[in-house]
Every structure is written in C-alpha cells, then in structure tokens.
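Following the hints, position chain G against chain Y.
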Amino acid sequence: MNQRAMKKTSSNEYWISLAQKASVVSGVFSLIVAGFLVFNYISAQTGLPEKELLYSQRMAEQKALLDQNPKDEAVIQEVRRLDLQLRQTYFYRLFFSERGKYLLLGGVLISLVSLQIASALRNPPRKPRHPIDPALETQMRKRSGAAVGAMGAILLGGLFVLASTSRNDLASQTLTPPESADNATASEPDYASWDEIRKNWPTFRGPGGLGVSAFTSVPDSWDEASGENVLWKTPIPLPGHNSPIVWGDRIFLTGGDDTEKVVYCFSLETGEILWQDRMDDPPSTGGEEIRVFEDNGWATSTMACDGHRVYAIFANGMAAGYDLTGKKLWSKNLGAPDSSYGYASSLTAYHDLMLIQYDQAQAEDQKSVLYALQGQTGEVAWQVPRPVANSWTSPIVVDTGEGEQLITVSEPWIIAYNPASGEELWKAKLMGTDLAPSPVYANGIAYVIQPNDSVFAIRTDGKGDVTRTHVAWTASGFIPDICSPLTNGELIFLLSTYGTMTCLDAKTGEFVWEEDIEDSFMTSPSLVGEWVYLFSETGKLYRVKASREFEVTNTGSLDDRFLASPAFLDGKIVVRGEFNLYCLGRKQ
Amino acid sequence: MTEFASVLQRVALIASDIQRFPPPDFESDYTMPLPATPAPRAPWLGGVDVIVLFAALSVGVYLVHKKRSRLSVFLLMVFSLIYFGFYRLGCVCAIGSIQNVSLAIANPSYAIPLTVVAFFLLPLVFTLFFGRVFCAGVCPLGAMQDLMLIKPISIPVWLQQALGLLAYLYLGAAVLFAAMGSAFIICEYDPFVAFFRLNGNPNIIILGVSLLIIGLFVGRPYCRFLCPYGVILHHFSRLSHWRVTITPQDCHQCQICEEACPFGAILPPTGEQNGQHWAPDKKRLIPALILTPILIAFCGWVFSMAGSSFSKMDYTVHLAERIVLEDTGQADGTTDASKAFRDSGQPGETLIQDAQNIMDRYVMAGWILGAFFGLVLSGKMIRLCLPDRRDDYEADRGDCLACARCFSYCPQELKRRRISRTAPVTAGSEAAVES
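Chains as they are written, first to last, in this note's numbering: chain Y, 656 to 1243; chain G, 76 to 510.
Honestly, the hints are just simulated from the structure, not real lab data.
Nothing here was measured: the structure is a model prediction, and the numbers come from that model.
There may be inaccurate statements among the hints.
[Unchecked claim] Derived lysine-lysine pairs resembling DSS-like cross-links, with alpha carbons at most 25 Å apart:
(1) G:Lys142 <-> G:Lys490
(2) G:Lys141 <-> G:Lys387
(3) Y:Lys983 <-> G:Lys414
(4) G:Lys387 <-> G:Lys414
(5) Y:Lys1084 <-> Y:Lys1022
(6) Y:Lys676 <-> G:Lys226
(7) G:Lys357 <-> Y:Lys797
(8) G:Lys490 <-> Y:Lys797
(9) Y:Lys982 <-> G:Lys414
(10) Y:Lys1118 <-> Y:Lys1162
(11) Y:Lys676 <-> Y:Lys756
(12) Y:Lys1084 <-> Y:Lys1162
(13) Y:Lys888 <-> Y:Lys1200
(14) Y:Lys1200 <-> Y:Lys854
(15) Y:Lys854 <-> Y:Lys982
Chain Y extracted, bound-state conformation (with noise of 0.2 Å):
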C-alpha cells in the first residue's frame, strides 16, 4: 500500500469515526428527547401536572365564588387570570409536544445518516470464494418451491379459517322483519279483528274509510249554547285538521304548527288529555326548507290504529307508532315530502301494519312509494313504487269478498293493491290534478272522484289496467272539490263546499236528485243508520235521508268552526273543532 493510499485510509478512518460518533450523539439526544415526549404524553393521559391541578381546584373554587356573587370584579379578574394560565400552561405542553417531535425526528434523521455514512466508508466484508455448484442452484430451487407451496398453503388455511369461524349475521336476515317473541308466542294476533274494529274508529272515516257508522245510538240533536248532548269540551292545545279517531275509551288526534308537533291522547269518558308526545323535527339534511300551504298545516293526516297500537304521521315526513298507553315504539323519518301544498294523506292500518300513501312530485319524478311498515318495530314490510304524482288523498281498505284490497285514487292512477303484499290487482288511469277526495266502496265497486268533474265507479273485480274495461259507469255535474262521497250502496251521496248535495243510483249512477243546503261543508259525510250526517263548516248538523227523496233537518249546533271528519261510536260521536274537541252524547 502506498502513502497515497495510506492516506487515503487514515482520512476514511477519521470520517467513519466522525460519524460514528455523530450517531452516537444523536442517538443519544434522540433518546433524551422521545423520553421527554413520552413522560409528556403520559402526564397529559393520566393526570394534570400538580400546578394544572393546583390551578384547576382555584379555578373551581372562584368559579363557586363567581356563582355567589356574579358581579364580584375581583373574582372574575381571578378567574379570568387563572383561565389564562391554564391555557398557557396547555399550549406550552402543546408546542413542547410538535417542537419535540420535529427534535426527535431530526436526532433520528442525523442518526441514520450518520451510520449509513460510517456503514458505506468501511470495507465491504471479505467473503472466501465458494465454488458455483449447480447442485446448490437445484436444492435451491426445490426448497423454494417447497417454501412457496407452504406459504399458499398457510394463507389458504388461514383464510379458510377465517371463513369457517366468521360470523354472518346477515345471511339469517330476512327482508322482512322477524316477528317479535311476544307475538311469536302468542296465539292471537297482535292486532285487532275486524268486529273490534267494527265497534271502534280506527281511521280517517271510520272502519274501511267509508265513513259508515256501526251504531245508530247516536245523538241526532245538541245546542253547545243550552248544553244538550254536549258531554264535554276540550281545547286542543295545537292546530290540525285530521280528524279524530277512537279506540275503546281513548281518543286520538295530533297537533302541529312550525316548532311543535304532537300526538295526543283524550279520554273519550272525561276528555282529558291522558297522555301526550312531542315529536322532533327530522334532522335537517341541508336540503330545502319544509314549506307546507297555510290552509293545509302539519297535521292534517289522520292517525290509524290497529287495535293495539296507534299511528301517527306530519307533514314534515316524520312518522311514529304507539302503544294505547302512550310509550313510543318507534319513530321515523320518512323524508321531505314534495308536495305543492303539503302532505296530507291520513293512514290506514291493516293487521299490524301500518299503511302510507307517500305520493310527491310529479310521476315522471318516481318518489311516491306506497309504504307499509311493521307497527311494532317501524320497519318496512313492503314498499312499493308508485307511478303517480303528489295527492291528498287517503286509502281505504276494504274487502271485496274475494280478498282484500287498498284502494288508493292519485294523478293518474287509480291503484288497488294486496295490502298483505304491496301486489299491484288492478289499476286505472282516469284521474287528473289537485285530488282531495277518497275513495268509497260498495258491493264490488269502488267510487272515485275527480273534483269538480266526474266519478267514476269502478269494478273491483278486474286484473291489471282496467281502465277500458272496468268502469261501470261514469256520471259529471255537481261533483265535489274536497269532500269524500258516501254510500250506503243503493245511493252514492256527494257533497261540494258550497252545499250543494248530489244523489246518484250506485248501480248505474243515474241522476237522482240535488240540492242545496245553504251552509259550507269541508267534512265528508257519514252515514247513520238512513241518515246522513253532515257537519258544516259553521258548526250546524245537518242530517238528510238516505233515501231516493231528499229530506234534510237541522238538529245541532256548536259553537266552532269544522273542519274533520267525525268519529260515531256508540252512543257518541267524536267531532274536533278549530280549537276543541267536542263528545256528544245523550247524558246519563
């Protein structure tokens, strides 16, 4: 080796040794400064430092003080003081933990550097020649074939592994809810038969929506002024148009205006709110504001009960059930509902579901959805799409004699589904825009109108588009805007806002009579025994017979304005004015 070289060596030596050394050192500083992180975030985790906690127990102590004497200056100076320290005290923790951070990186940065310098500057390792032996080159290639079918073997075991022992709770899930153990084990159903519901007034226009009293027991006279008939009065505490409906011995409606929303319970014996719920406005998603029309509010849909329990929906889409006793099952939002002047389609309920017309927008739109959902639980048991535009309508359930059916009227479709299944039966395309008035039913037929135009009647007995060929007949004069039409299925009644009053044959829709009662109506009739019930806007009853000659009396009188559909019970009719709710009835 020559000085040249020699030199060469020396100074390599001096710079391996340089940063050798220089990784030494950083190491060094690394591990101080990790360490001093490390107890800084420890002490942060478990515990404030003893002047943290020295400083948070004043803290505590002058703001007991402050709340003595809230204008004490010395006191909030001190805790103004004290809030101060404690924010440095944290802040200077926090800029010891980044400046800490950027230290200990740069020590290790220098560190590795360092040792790469050295590891690069010394020789590399002398190594004694080996013969190349194509035999080494063979084994190799056998042992790495045998190292790689044992590795996929291994992965592959693992991975059967995971698949033998992973849980999927999702395969056993049905599309449709389990059945609760309680109704599981029960041998009745977990909703009311049809005679209970008979008895009661379950929905929007009373069993099936056809706005048929069971009882004849009902008072026919009352004068709020003299007291007769007027068993109580109660004020309603929110606005609402839905009208009233009964279950045994409770009544139930909801309320609703901008801030509030909430469902409401009435004793039918006393008329005492038993029980009430407010429900939360849905959470807002960014979307547009919820507009609904003045003269339509946020409650304005009719609850449904089942027998068991009740249901309830607003105009702002959220939807709830109940048990009779008050405690909410579940609730749900359901969505904005695009509607022009605001959702206002009551419920109906069939076994234990609980149905929803959530008809919006235009067709072409596809966001109406016919919804049924478990009423225990909330969940959907079917929905389907519906190809029809926002209405303010309301579906009836009615049996036909060869099965049941939900009825629901809507732009343009006129649609009867299986209520059990959502199954479409038959449909037709007869109706145009602004539908208000639902459906009636009788004797295979169902009655449609289209306000200010036309009904139709319509056989029930048909499959798929039935609109050529299955409209019995179809009658136009004095058809009404708002009000639903009455059957008692020799006649079919219809009522305008004006007061004037239509009688057509149910078979053949032929003209009977009309006349006009000089008074304004936004209830739908309702049929009593041979009479018809009618309560004006203007608080008057009105009843006429149900008969080929018209005859009408003016027996009643309240003093509110009425704009819901009563509920008849025996020996009571439910009726909910703009502010109270009415029972009337014969006093014992």
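Structure of chain G alone, referenced to chain Y:
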C-alpha cells in the same frame, strides 16, 4: 370561546397525542378523530408534485444508469424522503394510486384525479425502460427503510420466495376492496405514513416501528415482501429495456456484489452440470402444470368462502351487521353510525338488502381473487422448475431495486471508473485497485 375552541381543534388535529384540555370549560368525552388524509391542496400544486416526480425519476435514471453512483442515489433518496414523505405527508403516492385506478376502472362514475393517474403511470413507464429506479431513489417508503438498514443479514432464497407471495395477496386484496368501493387498505394500513405525518393510529405506528426494526437487519422488508406496487414494478422491470448491470465489464465472479446486495437480488451463475447448463426439473414441472387449473379452482373456492368475511370491510355491510346485532339484542347501545342511520329514518330492510347484495358480490370477487392467487402460486412453482442460465453474477431483473450498492463494491466497476479502494476486498486482493 368559539374561536378558541376552533384553534384548539386545529392544534389538536396536528398534535393529537394530547387531546385533553384542562378543565373547567373544554372537557368532554369527545375524542378528536385523527386526520385520515392531508388537507386538500391547490390543484396546481398537484402539477408541481407530478413535475417533481418526473424530475426525480429522470435524475434517478441518470444516477443509476449513467453516473452509477451509490452516494448520488442515496442523496436522491433523502430528497424524496423529505419531499414526498415529510413535505407531501406521503400522499399522493404511487403505491396507493393502485386503488384509485382500480376504483376508476370498476366504477366509471369515480373521477380519478390526473395527478393520481400520473403517479400511477410514471413509475411504471420509467420501470419499463430503466428498471426500478422509482424504488431506488424516489419512493419515500423505500427511502425510509433504506435509511434504517444498518446491519443487513441475508435471507435464504427459499424464504424470500415464500414471503414474496404476501405482496401478491396484498395487491389482490387492495384491488378487490378498492374496486368494490369498500376500502383503500393500502392507505389505511400504510405502516410509514404515520411517521411522515407525525401522527397516526397507534396500531399502525406499532406496525411501522416493527417493520423499521426488522429493517435494521433485513433490507426493505415492506418493499420486498408486502408492497403491492412492487409486484407490478417487478414484472415491468423484468421487461425493462435498459437493465441494471453490476458492471458493463467482464465479471470476475468475485461474489462481492452478491454479498453487498442487502436485498438478495444478485443471482449467482448457474454453472454446468455434466457439461450442460441446468435443465428443467421435469419431475416437478409436469405435476405443477397439471395441478395449475386445480389449484386455481381450489384457491377460488377458498377465497369465495371468505368472501362474506371480506365484505365486512364494506361500510354498508358493517353498518347492517351492527343494526342487526342491536335489533336482536346482541349488542348494547348504539354506535355513531347506527344512531345516525336510525335517525335518518331509512328502512333497515333496504340496508340489509344492500348489504346482502354487497356480500354476494364479494363472494363472486372472492372467486376472482382466489383464481388470481392460485395463478400466482402455480406460476411461482412452475417458474422454479424452469431452466435459467447465467454465466456471471447478475442483478435479478425483477427484484433488483437499482440501489447502486453493488456498483460501489464491484472491483471491475471500480476499475472501470478509476476509483480506488484502499483495502483488499477479497482474499485474493485482485480488486485492490489504485487509480
């Protein structure tokens, strides 16, 4: 008060190791979420990143192929670590871009950023022509591991071959989860990004520290045995036009390069047996060929069985399972996600239906992933049965990371470049060259 809380929140996002503020007013049970990705940047800065990547790759090509200097490659590596790692916080990165590309192919509605496309394609194109220069000096993950390599030990070839399967599996899984729109697992489980961001999930930090500790002795363990992008680069590099050579001059078979390479990427000459070069091992080759379709089908079946387990990575499936557990009383309380879902009023049946559909898709995807894995497994077995001829020590075209270490130790190379080593490097001292 609000402003102060905002400042506190920002600071906490940066330094989340201290998320507690002293009482009285700012304590709550809320745990500040860790940032998953760096804050968005101006679009033109993305362009700058692409330019820097292109420049770094170009410089890497020059340093590896022309200058052939380990020190220069080392410096480029440090630059890349600082820029792509600590400055750019490890995002965007070429490795993770696999997922964006997979998702874009599977879901045309996903608008993949051009920057990401560039980060995916540029290293591939450079590799196709110049070998793995990206791994050599541009990848920050590789750079971090390279810096940690202090005392390299050699890994047996059979172990390298076996561990190499993991990277294929990781690649397949990453593509699967990304294409299904469920997760970007490369990013979620990136073991080093927490160091770049000085912040991260403790479990991932432990994983990263473990890999770095292993990396003190085993050269670039993540790059060699886990990196999914490395799998692609491996195959592109095998096709590379200008391969990395230990020395352009005649090899003296001194074996120093093999010793110097910490990545086991220098292959020895195959030699001759009975006067012939190594021949295919027909006893193993023929069964391997016959078993290939069976292996592919079997792997497909096993992976398809695990499909429903894979699907738990999907948010919808995860949420649906939680809802079911809550509804059936198997889980107490609610999570933030399940509560939000319930508050939304969306029907649970629809969620379960969606989740079941996703699980069905995962079963099908399991078949594809399994078939891919079976093909890889079979391909490796067959490859190990096929003949290979090397007359001299050569850098493996696929595995060589172009780190330039071997250049610095090859006596022939040193002689060519008129660089002297001051001590003999072999027992014969024939490589002690003086300039």
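Worksheet item: Does Lys797 of chain Y lie within 25 Å of Lys357 of chain G when you go C-alpha to C-alpha?
Response: 12 Å, holds
* To do: Verify the proposed pairing of Lys490 of chain G with Lys797 of chain Y, using a straight-line Cα cut of 25 Å.
  => Violated, at about 38 Å.
Exercise for the section: Could you grab the alpha-carbon distance between Lys1084 of chain Y and Lys1162 of chain Y and see if it respects the 25 Å cut-off? Expected result: 21 Å, holds
- [ ] With a cut-off of 25 Å on the C-alpha distance, tell me whether Lys983 of chain Y and Lys414 of chain G pass.
- [x] 17 Å, holds
Holds or violated: Lys141 of chain G and Lys387 of chain G, Cα atoms, limit 25 Å.
50 Å, violated
Check: Within 25 Å, alpha carbon to alpha carbon, are Lys854 of chain Y and Lys982 of chain Y?
Finding: This hinted pair holds, its Cα atoms lying about 24 Å apart.
**Study point:** Agreement of Lys1118 of chain Y and Lys1162 of chain Y with the hint, judged by alpha carbon distance not exceeding 25 Å
**Key:** Roughly 21 Å between the alpha carbons, so the hint for Lys1118 of chain Y and Lys1162 of chain Y holds.
- Item | Satisfaction of hint between Lys226 of chain G and Lys676 of chain Y, Cα-Cα up to 25 Å | Holds. Lys676 of chain Y to Lys226 of chain G sits at ~17 Å (cutoff 25 Å).
Below or equal to 25 Å on CA atoms is what counts here, so check Lys676 of chain Y against Lys756 of chain Y.
Between Lys676 of chain Y and Lys756 of chain Y the Cα gap is close to 23 Å, so the pair holds against 25 Å.
- Query: Taken at face value, is the distance from the CA of Lys1200 of chain Y to the CA of Lys888 of chain Y at most 25 Å?
  - Reply: 28 Å, violated
Margin query: Need the status of pair Lys1084 of chain Y, Lys1022 of chain Y: alpha-carbon distance at most 25 Å?
Written below: Since the Cα atoms of Lys1084 of chain Y and Lys1022 of chain Y sit roughly 18 Å apart, the hinted pair holds (cutoff 25 Å).
Item checked: 25 Å limit on alpha-carbon distance, applied to hinted pair Lys982 of chain Y and Lys414 of chain G -> Between Lys982 of chain Y and Lys414 of chain G the Cα gap is close to 20 Å, so the pair holds against 25 Å.
In summary, the numbered hints that this structure violates are 2, 8 and 13.
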